[in-house]
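Engineer: The chain contents come next:
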Amino acid sequence: MPTMSAKNLQLDENGKLQHFLSIEGLDQQIITEILDTAESFTSVADRVIKKVPILRGKTVANLFFEPSTRTRSTFELAEQRLSADILSLNVDTSATTKGESLLDTIHNLEAMQIDMFVIRHKDSGSAHFFAQHVRPGVSVLNAGDGQHEHPTQAMLDLYTIRHHKQDFTRLKIAIVGDIMHSRVARSQIHALNLLNTAEVRVIAPKTLLPVDTESLGVQLFDDLERGLQDVDVVIMLRLQKERMSGALLPSEKEYFNQFGLTQERLDRASPDAIVMHPGPANRGVEIESSVMDGNQSVILQQVGFGISVRMAIMSMIVGRSGLQANE
Amino acid sequence: MHGIYVALPSVEILIEKLTQALKPYFPSNLPPAEQPVIIGIETGGYWVAKAIHQAIAPETDLGRLNITFYRDDFTKIGLHPTVKPSSLPTDIDGKTVILIDDVLYSGRTIRAAMNEIFDYGRPQRVVLVILIDRGEREIPIQADIVAETIQLEPGNHIKLDGPQPLKLTIKSNADNVS
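From first to last, the protein sequence lines stand for chains X and Y.
For the first sequence, position 73 matches number 73 in the numbering used here, and the numbering has no gaps at all.
For the second sequence, position 121 matches number 121 in the numbering used here, and the numbering has no gaps at all.
Just so you know, the hints here were simulated from the structure itself, not pulled from any lab data.
Bear in mind the structure is a predicted one, so any value in this text is a computation, not a measurement.
Treat the hints with care, as some may be off.
Lysine-lysine pairs mimicking DSSO-like chemistry, simulated, CA-CA at most 27 Å apart [what the hints assert, rightly or not]:
| id | chain 1 | residue 1 | chain 2 | residue 2 |
| --- | --- | --- | --- | --- |
| 1 | X | 50 | Y | 95 |
| 2 | Y | 76 | X | 51 |
| 3 | X | 50 | Y | 167 |
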């Protein structure tokens, strides 16, 4: 899995973002800049004309080799609100199912003068692979690669947390559920560490914890009720049934009995704790319906923030050659 | 060595001049809903607009415009996340907008500002108010009200420092200022 090379790949020679592939390899300054920039984009949604001309004349291709609703539609909206021309490739009808290699797909799309690629793929490291092979000046954004990272989701989660709780150095944050299959969790943990979060807890059945979790500097719990004690933020993850092979879980009902978020369990957290979920949620499996719709849930707010955060990242990439303006 | 101006005009006096010129736009019998909306361009124009807004004290709040997203040189200069985002206080549809900036030079800032304003609505009229017009336009844009017109030596720039106190300074490119 890419580490150091990812860092070099994401930043140009001036340390500005040229691709957005993983949280790992970024520093606190860039993360904070993304969050600040996203804040100025939230007001665009309140205008009569919800558009700014930053990506005018640029073409963005959205390549989703795996299904997605929220990520894909918020990426598309973000691109459109930045005035980009967009091309969204439906994987079922694309040539890859006819045997074309990923590299051939890249080169064919490049021939169409694409300026930016947004890619989701089932293979870990696929966004890096893409970024290594595009022409100079063309940018790649990772919209989820296998079980590796989903960095824009982590950024919108950070944005949501900062919106409600401000200072990360005082927060206890719990990530609950299927950590093993979650690229979101991996990105979140890196990002929370970069912002010096006081305490990051990971709560999951032992069978759904990857072996390297402890090296990420988090506290592990296999008991939901103990893990939720006094936390300020609860991030629920989706049980990724489609990625499971073998008997990792007894049954969904059993999982809910032990790890499903109910109001009673949530009451162990801090009284003003917020509940987050990257979606899509399995009601009654990892989260009780009433909690999902309850007043501590900020799940729908996350979706809206996802547009501003993605606008911020794309505009930082386009504006990266920026020197200070001379009036 | 900084050219022909020994003493730059006092910003206070220039703002007073603009305030007097704008008073006829705010007759006392005008209902609040029909009053013009004052909008300042970040950052210097907003400072000037704030002072004028305080002096005139209209019913409508002051608007703030951050035109970064609309600049035609955006890909060259990038974003400044430290500048506050635009916020327009009221619906500007059908209103008179008093648009205020500190220095009018190439005209590109005003073009960007007008593009942004029209994304918020369709004002009935836009009045451009400028503290210092230094000429040398690159596109055909002229102000309606100007406090002072000056000429600079080639390579020099005029800048409003602030917010407390507001002060004009002339800098040359050789000073290597941003």
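Engineer: Identify every previously stated hint that the structure contradicts and give their numbers, smallest first.
Structural biologist: 3
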